[in-house]
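Participant: Each chain is listed here by its residues.
Number of protein chains: 2
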Amino acid sequence: MSVITVIGSGVMGSAMSFPARENKHTVRLVGTMLDREIIEHLKKTGYHLNLKRTLPSEVEYYHLEELDRALDGANLIIGGVSSFGVHWFADEIIPRLPVKIPVLSVTKGMFNLPDGSLASYPKYYSQKAPGRDFCAVGGPCTSYELADLDKTHVCFCGNHIKSLREIKKLLETDYYHISLTTDVEGLECAVAMKNAYALAVTLAVGLSLKNGDTLNYNSQAALFGQSVREMRKLLALTGCHDDNIIFGAGDLYVTVFGGRTRHIGTLLGKGYSFCDAMNALQGVTLESVVIATRTGEAVRSLIDAGKIKEEEFPLLLHISDVITKDKKVDIPWKAFESERLL
Amino acid sequence: MSVITVIGSGVMGSAMSFPARENKHTVRLVGTMLDREIIEHLKKTGYHLNLKRTLPSEVEYYHLEELDRALDGANLIIGGVSSFGVHWFADEIIPRLPVKIPVLSVTKGMFNLPDGSLASYPKYYSQKAPGRDFCAVGGPCTSYELADLDKTHVCFCGNHIKSLREIKKLLETDYYHISLTTDVEGLECAVAMKNAYALAVTLAVGLSLKNGDTLNYNSQAALFGQSVREMRKLLALTGCHDDNIIFGAGDLYVTVFGGRTRHIGTLLGKGYSFCDAMNALQGVTLESVVIATRTGEAVRSLIDAGKIKEEEFPLLLHISDVITKDKKVDIPWKAFESERLL
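Same order as they appear, the protein sequences are chains D and R.
20 is the number of the first residue of the first sequence in our numbering; add one for each residue after it.
20 is the number of the first residue of the second sequence in our numbering; add one for each residue after it.
Hints may contain errors.
Remember, identical chains collapse to one label, so a pair may be satisfied in a single copy or spanning two.
When the alpha-carbon atoms are kept at most 25 Å apart in a straight line, the in silico DSS-like pairs for lysine-lysine are as follows [what the hints assert, rightly or not]:
#1 K188 x K229
#2 K62 x K188
#3 K181 x K347
#4 K188 x K326
#5 K347 x K187
#6 K229 x K346
#7 K119 x K326
#8 K71 x K347
#9 K181 x K119
#10 K353 x K188
#11 K119 x K289
#12 K71 x K43
#13 K353 x K147
#14 K62 x K328
FYI, nobody ran anything at the bench for these hints, they're computed from the structure.
Note that this is a predicted model, so its numbers are computed, not measured.
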């Protein structure tokens, strides 16, 4: 049995304790400075205040000042911070980690590079700390359902297949299924894009609820299909393998039905301005909105550079306008129509 | 304005009267011998007993014996029969139609040819009656939501782009958006396959409801992603263009959330045998089950012919075993895991 240290006790990092404990590993969950209350409560009761589940028995809980002790003898480190903690993780935590131990990041999302392209978090970490083994998780998985042991299929990506196989062995269970790929940018790009497109698909939820309380699916399905089309174009454009779309489409599906991204898309579809919708969410900054903004920016720079045509990404550009320019929702349905001759 | 004659007053044929009347065409809805009660009721009240909506004003209603009158001066014929009426339509109706008038079929599905491959209904009709212009509708569109004017994006396929453009002009509205393609087999194959995969995805709905009343999405998303993967492989295999996946994935999405296919998939996922699930549906024969069976058979013959490997279609073969061999649901999660190296 191995020692797995999870840094960041957010919902996803914490949910990883389920497959890890299932496989009888020692699991050490370390809170960040923002997680004091969560860790205190876990130490006392084993109940996670945000995940709203009791974590598996014998998980060990640590505050950040106990990090070194939590890392002692670790065989795997799981990076459990949110997108907003990525810089902090890179600058403050990575230098303190043993060099030889692989880091599996559960954080989804990408950064814009100065040239307008997008870089995955593993790539960002590798640039900051070369010579270490950074891996990441992509694919459809909500933390709540992982904690409920719903059957889940994710993909781990990293540069070294041998290392990925070892990490898989540590974490796979009969409910947590793991594919592997060395196509890091491909997978991360696919699962980052779904943030923008999940907002876009859920506009149709809002549109339909605006007109009554029946939920229609024709319009959601039209936006879902258009999303798959644009996501595949973006993958091709960034030189990523097309098979990543299965994790992108799956991740899109789960995000359309989950939590706050659906909530904000629905409000926008109902006719709220972006500012009003964010106010209705009481100032919670959504990771998906940040990543949707970045994806929109990356596509804008590709258009500016003449690499792609504006008319190829009508849905992404619309949702990007809605969230960055506070434009009213007015889905460009006509622009989705195509003619394809054999 | 044109004259559009719809033959078959099922829910989808009848729903086509909404965009057609929106564009001020004369619409003649002709019932089959099974539709007497529907047509009688429509003549008296304008209310469609199965669609459960009042059809647009000034739609004209005909019984089958009035077909010739209904065809007089028609510019477009819409074939509105279900899969079960396709043979009857080919043998009894097509010979009575004016040769020069295009026929747009709303029936989704395919036939197995003796060599094990699948043929679209337009292809089948063309073989029966060469020299006519048979077109078809694919893509995500439930009749009920079309009747409610939910924004919809479909694709019309046919052999002649000029003719498709003319049909599009007759039917497009600000809620009924139409793409066009001459890739008839590609589109029809994509939207036929979704029947099998919609059954497969909804197994996860049943699995999750079996364990409580919370609907989980990780498992649905895993099956959705695997469906997209297998559908793309099937498209490639049949020489169809990959872009058809956007209508296939959209159609899959709408079918997962709609009506009886979801109902039966849910029952199977809960542990019902196929026979028990069909009994619970009180003997209604589901089009999607028939088409799922055909798709399964086509894939089995490709495997037998050594053209594909069994392990590439674990989900399709499982659902096919469940419905044709009355096998218990036991989703082959492990078989979905892959390793992909750059």
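Participant: Between K62 and K188, at a C-alpha cutoff of 25 Å, which is it: within one copy, between copies, both, or neither?
Facilitator: Neither. Shortest intra-copy (28 Å) and inter-copy (67 Å) distances fail the 25 Å Cα cut-off.
Participant: For K353 and K147, with the copy left unspecified, which applies at a CA distance of at most 25 Å: within, between, both, or neither?
Facilitator: For K353 and K147, neither the intra-copy (45 Å) nor the inter-copy (36 Å) Cα distance is at most 25 Å.
Participant: Regarding K71 and K43, is the shortest C-alpha distance of 25 Å or less found within a copy, between copies, in both, or in neither?
Facilitator: Classified as within: same-chain Cα gap 22 Å, cross-chain 56 Å, threshold 25 Å.
Participant: Go through the copies and call it for K353 and K188: within, between, both or neither, with a Cα cutoff of 25 Å.
Facilitator: between (48 Å within a copy, 13 Å between copies)
Participant: First find the shortest C-alpha distance between K188 and K229 inside one copy, then the shortest across copies, and answer within, between, both or neither for a cut-off of 25 Å.
Facilitator: neither (48 Å within a copy, 29 Å between copies)
Participant: Can you give me the call for K181 and K347, within, between, both or neither, at a CA distance of at most 25 Å?
Facilitator: neither (49 Å within a copy, 36 Å between copies)
Participant: Check K71 against K347 for me: Cα-Cα at most 25 Å, and say if that holds within a copy, between copies, both or neither.
Facilitator: neither (36 Å within a copy, 34 Å between copies)
Participant: Reference check for the pair K229 and K346, CA-CA at most 25 Å: within, between, both, or neither?
Facilitator: For K229 and K346, the Cα distance is within 25 Å only inside one copy (18 Å; across copies 44 Å).
Participant: At 25 Å max between alpha carbons, let me know whether K188 reaches K326 within a copy, between copies, both or neither.
Facilitator: Neither, since 41 Å and 33 Å both go past 25 Å.
Participant: Given a CA cutoff of 25 Å, do K119 and K326 count as a within-copy pair, a between-copy pair, both, or neither?
Facilitator: Result: close neither inside a copy nor across copies, 40 Å intra and 45 Å inter.
Participant: Between copies, within a copy, both or neither: which fits K62 and K328 at Cα up to 25 Å?
Facilitator: neither (54 Å within a copy, 51 Å between copies)
Participant: Please sort K181 with K119 into within, between, both or neither, judging by C-alpha distance up to 25 Å.
Facilitator: within (14 Å within a copy, 64 Å between copies)
The earlier numbered hints that this structure contradicts are 1, 2, 3, 4, 5, 7, 8, 11, 13 and 14.
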